[in-house]
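K.L.:
Each chain, letter by letter, is given below.
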Amino acid sequence: MIGVLALVVALVVASGVYLLLSRDVFRCIVGMAVLGSAVNLIVFAAGRFGPLQPPIVAVGADRLAAATADPLPQALVLTAIVIGFALLCFALALGARLRAQGASDDSDRLRDAEPPAGDPIKPPVLD
Amino acid sequence: MLVLAPVLLPLLTALFAAALYRHETARRWVSFAGALLSLGCALALAVEVDRAGRVSVALGGWPLPYAIEFAADRAGAFMVLVAALLGVAVLLHQAGRADPAPETPILHPLLHGLLAAAGGAFVTADLFNLYVWFELLLIAALGLLAHGGQPRQLDAAFKYLALNLLGTLLLLIAVAFIFGATGQLNFAALTEASRRPELAGVLPVYVALLALALLLKAGAFPLFAWLPASYHTLPAPVLALVGGLVTKVGVFALLRVGQVFAGSPPSFDEALGWIALATMLSGVLGAAYHWDLRRILAFHIVSQIGYLLLGVALASPAGALFFTAHNMLVKADLFLIAGLIWALAGHYDLRRIGGLYRAYPGLSTLFLVAAFSLVGVPPSSGFWGKFLLVRESFAQERYVWGGVALAVGLLTLYSMTKIWLEAFWKPHPEPSALVPVPGLRPAWLAVGLLTALVLALGLMPEPALRYVEAAALGLGRAKP
Chain C
0 MIGVLALVVA
10 LVVASGVYLL
20 LSRDVFRCIV
30 GMAVLGSAVN
40 LIVFAAGRFG
50 PLQPPIVAVG
60 ADRLAAATAD
70 PLPQALVLTA
80 IVIGFALLCF
90 ALALGARLRA
100 QGASDDSDRL
110 RDAEPPAGDP
120 IKPPVLD
Chain W
0 MLVLAPVLLP
10 LLTALFAAAL
20 YRHETARRWV
30 SFAGALLSLG
40 CALALAVEVD
50 RAGRVSVALG
60 GWPLPYAIEF
70 AADRAGAFMV
80 LVAALLGVAV
90 LLHQAGRADP
100 APETPILHPL
110 LHGLLAAAGG
120 AFVTADLFNL
130 YVWFELLLIA
140 ALGLLAHGGQ
150 PRQLDAAFKY
160 LALNLLGTLL
170 LLIAVAFIFG
180 ATGQLNFAAL
190 TEASRRPELA
200 GVLPVYVALL
210 ALALLLKAGA
220 FPLFAWLPAS
230 YHTLPAPVLA
240 LVGGLVTKVG
250 VFALLRVGQV
260 FAGSPPSFDE
270 ALGWIALATM
280 LSGVLGAAYH
290 WDLRRILAFH
300 IVSQIGYLLL
310 GVALASPAGA
320 LFFTAHNMLV
330 KADLFLIAGL
340 IWALAGHYDL
350 RRIGGLYRAY
360 PGLSTLFLVA
370 AFSLVGVPPS
380 SGFWGKFLLV
390 RESFAQERYV
400 WGGVALAVGL
410 LTLYSMTKIW
420 LEAFWKPHPE
430 PSALVPVPGL
440 RPAWLAVGLL
450 TALVLALGLM
460 PEPALRYVEA
470 AALGLGRAKP
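Just so you know, the protein sequences line up as chains C and W, in that order. If you're matching positions, the first sequence starts at 0 in numbering that gives the first Met the number 0 and goes up one per residue. If you're matching positions, the second sequence starts at 0 in numbering that gives the first Met the number 0 and goes up one per residue.
The set of hints was computed from the structure by calculation and includes no laboratory data. On a predicted model such as this, the values are computed, not experimentally measured, just so you know. Think of the CB as a built atom: it goes at the ideal place given N, C-alpha and C, for glycine as much as any other residue. It cannot be assumed that every hint is accurate.
Some chain W residues well away from chain C (every beta-carbon gap over 12 Å; in silico) [claimed, not checked]:
(1) Ala17
(2) Val54
(3) Leu135
(4) Thr167
(5) Ile172
(6) His231
(7) His289
(8) Leu420
(9) Trp424
(10) Pro435
(11) Ala455
(12) Leu472
To give a feel for the contact side, a few chain W residues facing chain C, derived at Cβ under 7 Å [unchecked claim]:
(13) Phe178
(14) Gly179
(15) Gly447
Now the in silico label distances, taken between C-beta atoms and shown as ranges [unchecked claim]:
(16) W:Gly402 x C:Phe48: 39 to 45 Å
(17) W:Gly262 x C:Ala13: 30 to 36 Å
(18) C:Arg108 x W:Pro221: 23 to 29 Å
(19) C:Arg96 x W:Ala224: 20 to 26 Å
(20) W:Val201 x C:Gln52: 24 to 30 Å
(21) C:Gly2 x W:Phe386: 52 to 58 Å
(22) C:Val58 x W:Pro62: 52 to 58 Å
(23) W:Ala25 x C:Gly2: 57 to 63 Å
(24) C:Arg96 x W:Leu284: 33 to 39 Å
(25) W:Glu23 x C:Gln52: 55 to 61 Å
(26) C:Leu87 x W:Leu420: 45 to 51 Å
(27) C:Val7 x W:Met0: 41 to 47 Å
(28) W:Leu420 x C:Leu91: 44 to 50 Å
Okay, chain W solo, but in the shape it has when bound:
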């Protein structure tokens, strides 16, 4: 039953938190306890999966492949663990006064709804279920965008809805076509069915449609317009959770689809590789243009998605998984730091702030660790992620792919340097705005926790690398 925990625990927490709609303090505590419990179960699941290889439970009282199966392999359990860590850090940060989301009664149910959707997508072994989790992810993200009620948030929610709904509908069409062709929804049965010779002509078309829908969900070039149009309107902790989870669920689903339909034509990987490069470049160039911290970081999500897609395209799940974990932690960390910068310096716009290095050397250190990890300076976690991907590109004689991945690292350094120079180094344009703010302790704790994790992942990558390499064996595709 442990495999159901990533879905059931957040859903139960959401229910309890919703029932406590009149009691704010109790709601917060229930929500935080639920997140801690989820983390404990995620740890137990990761250990259990490492021992057994794969844990599964079939619901519905039917024999497989007709039962609805939930299964965690190492890759899924790894993602569940990282998501649970994000949940704890984000709820901690929300308790501080660093740009927290308004404590409306619906906030905590929505946050846990998002976690449940991500957990479900990580452990499901059923194609239609995957679609349902994407719907839940969409609904929870929309709720989080709209619940603040400011005009800019509603505006962002509408754009997010209109563009993401298209991806959801494409996903449903692809699921329907694949079911119509194979008569199966269970992943293992689909793998079996996809080898039938009479489907060799038509199935790749449907798989391509499925991949297109997931690429939209992942925020790949040129389908990422919904992301920079909406993310920057979210409050810092919610932004960290949404930015850390939503697009990565899309990438993870792509990895899964690559595993399930392993016999897809090699031209898919070729196309995906070029899409990955375009995603990397457009994201990092978009970030270079902006001055709002949240916009810069939102565009960097797009750019980092490019790296993840490169890992998928190279059929190197180990690289993609390690990079996903690193990226989720670092990205959330940077968004939470942005929340602290907002609280301490008074604005998200880099042109209106400054002087943080002199006033808060601790924050500067935390930011530097996270920024260097994002850029991939050795020995940070980003370095190992990029090392795996670039080494694999060169090993497969994809010199352009590897080269662009390295060049985008330099452009990322440009953005991080810009934040450093503007927010930390130059004097504050209005020094009177740099006053100490009370009530930030939980936010500091959250940032410290994530930075420590990022640092640990960089200095001691061995356990995580061993885990993802074992996971990659389960996800691996035979190279043609």
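Excised from the complex, chain C in its bound form:
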């Protein structure tokens, strides 16, 4: 089971990196989200993946049964999902503003922060 999850994570990371390397700003943002999900899966897997037993101490026992999943990474992954979602929203709004302000959504053309045209130290635009 953990082997299948590892394969899935590898696949998701690969597609996330592929999207992130795209020149299109929107694809780039989707790539960030996909990569974030892969990382969330890794966090999830850190707490023993597989057992269906709920992490509840049985009546009369003083500790969890041996094959219980660790609930802590599940709490951590919730935190990470919330933060990741907020960042994704911010990134999408940023992408939309970039387009609306007339800047390109081609990341190679995002050069507003660079020295203005005609400046002798301006690095050349790569085509």
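Given chain C's structure and the hints, the job is docking chain W onto it.
P.N.:
Chain W alone, transformed into the frame defined by chain C:
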């Protein structure tokens, strides 16, 4: 509870400032009062920690190591104090008309959010919490980049986001792997767990991943591309706070990781040392190429990060801590001075300004003090920082490391001389632009405050040196 103040006070101030979104004057005053209160609490915390050695509070009602622990040792308290000082100076400067950030309702909440994130990273004793503070730092910095709304700022924000998010994700992966291997998140429990012999093979890999993520956050070679791509679009006071804090939080976290996983292989230090040299050199060479004041100073952040990393690599926390404090103050001071230069001479581009020495000898003096400190001319604060690091390099027979650190000092002098010659000495290309500007008094006060601190740190380094040496004992790693 004093140990929670570096997190709670800025967060509360941010909340109050956000609630006052319709009242600009009240917002400014609440924000400034919050910063002053933070400074007072930081001072109290530093004194308390100096007396007790370590102050901690465990939240969540669980026994340690399952509770979420916040703990301030001397190193953390020292950083909290410097950050609080920066907060006060930056808010003062923001009140003047030296390139202030636009007073949008979100500005002060974001500034305090940044301070809360840095404070949290300095006092947390929990690995996952450290990750959360880095996220908050990222979000606050992004907000500060984007809230001005100019195309160049949005452009910079996107680059900052894309590259920093990668570091954040790496950090989270490393935290997950380390938790999976050790079952712990608390720093003390992690130190305990990292000694288990069955983890000796796999744990260094995870620690290396963690260090890689933190190096990206710190702006180390070759992962610093996000920094010169974005910092120069920020207004002067915000730039001083972001430039003074963000990367140093990364370095401080590296120091912490070095303390927590003290049993890491010595090859880590070796690698870190060479990374430090490359960072120093690439930063200072990048600065030599540019003509925009903010770009020059932003590249110098990278170069100075190299010195901090050298301190970490030499396992010399005293040197690294002293240099961090010196660097945060001097860097913020120089950015604030750059804001004044912009207001008085009309531009950040060195080719379009000049004549400031004749018109404003006071500003020239302030700049010289800060510039000499950055270069490390004795008896400035930079001299003591570099002295500690270079002495340690030579003591450990790392002659190349020490030599490069000295040579980079010379190249730094080149950049500072360039600013001096262009902005201060040569006549202004359009003398009519050199008119007196009203409303600069708070900015002068902020620059004066920081310069006085830098000067005091240089002329009387004893108290700070004693404090960081005591702090280093707490952070110290046994040399193999």
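K.L.:
Compare the structure with each hint and give your call.
P.N.:
Comparing the hints with the structure gives:
Distance to chain C confirms W:Ala17 as a non-interface residue, since its nearest Cβ pair spans about 16 Å, more than 12 Å. For W:Val54, the non-interface assignment is confirmed: its Cβ lies about 26 Å from the closest Cβ of chain C, beyond the 12 Å cut-off. Interface exclusion of W:Leu135 from chain C breaks down, the closest Cβ pair being 9 Å apart, not more than 12 Å. Once the 12 Å rule is applied to beta carbons, W:Thr167 is inconsistent with being away from chain C; the minimum gap is 8 Å.
Against chain C, the non-interface label of W:Ile172 is violated: not every CB pair exceeds 12 Å, the least being about 6 Å. Here W:His231 does not stay apart from chain C, with its beta-carbon only about 7 Å from theirs, under the 12 Å limit. Non-interface status of W:His289 relative to chain C is broken: a Cβ of that chain comes within 12 Å, the nearest being about 7 Å off. Taking the minimum C-beta to C-beta distance to chain C, about 17 Å, the non-interface status of W:Leu420 holds against the 12 Å cut.
Every beta carbon of chain C lies more than 12 Å from that of W:Trp424, the smallest distance being close to 21 Å; the non-interface claim holds. Every Cβ of chain C is farther than 12 Å from the Cβ of W:Pro435; the closest lies at roughly 28 Å, confirming the non-interface assignment. Against the 12 Å criterion, W:Ala455 stays outside the reach of chain C, whose nearest CB is about 36 Å from its own CB. Its beta-carbon lying about 33 Å from the closest one in chain C, W:Leu472 satisfies the requirement of being farther than 12 Å from that chain.
The beta carbon of W:Phe178 comes within 5 Å of a beta carbon in chain C, closer than 7 Å, and the hint placing it at the interface holds. The beta carbon of W:Gly179 is positioned within 7 Å of a beta carbon in chain C (closest approach about 4 Å), and the interface hint is therefore held. Checking W:Gly447 against chain C: minimum C-beta separation of about 31 Å lies over 7 Å; hint violated. Separated by about 51 Å at the C-beta atoms, W:Gly402 and C:Phe48 break the suggested range of 39 to 45 Å.
One distance hint, 30 to 36 Å for the beta-carbon pair W:Gly262 and C:Ala13, holds here, with the actual separation near 34 Å. For C:Arg108 and W:Pro221, the hinted distance range of 23 to 29 Å is satisfied, since their beta carbons lie about 24 Å from each other. In this structure the hint that C:Arg96 and W:Ala224 lie 20 to 26 Å apart at CB holds, the actual value being about 22 Å. Between W:Val201 and C:Gln52 the C-beta distance comes to about 26 Å, which sits within the given range of 24 to 30 Å.
Between C:Gly2 and W:Phe386 the C-beta distance comes to about 55 Å, which sits within the given range of 52 to 58 Å. At roughly 22 Å, the beta carbons of C:Val58 and W:Pro62 sit outside the given window of 52 to 58 Å. Between W:Ala25 and C:Gly2 the Cβ separation comes to about 59 Å, which falls inside the hinted range of 57 to 63 Å. Distance hint check: the CB atoms of C:Arg96 and W:Leu284 are about 34 Å apart, consistent with the given range 33 to 39 Å.
Distance hint check: the CB atoms of W:Glu23 and C:Gln52 are about 57 Å apart, consistent with the given range 55 to 61 Å. The supplied range of 45 to 51 Å is met by C:Leu87 and W:Leu420, whose beta-carbon atoms lie about 47 Å from each other. One distance hint, 41 to 47 Å for the beta-carbon pair C:Val7 and W:Met0, holds here, with the actual separation near 45 Å. Take W:Leu420 and C:Leu91: their Cβ atoms lie about 46 Å apart, and the range 44 to 50 Å holds.
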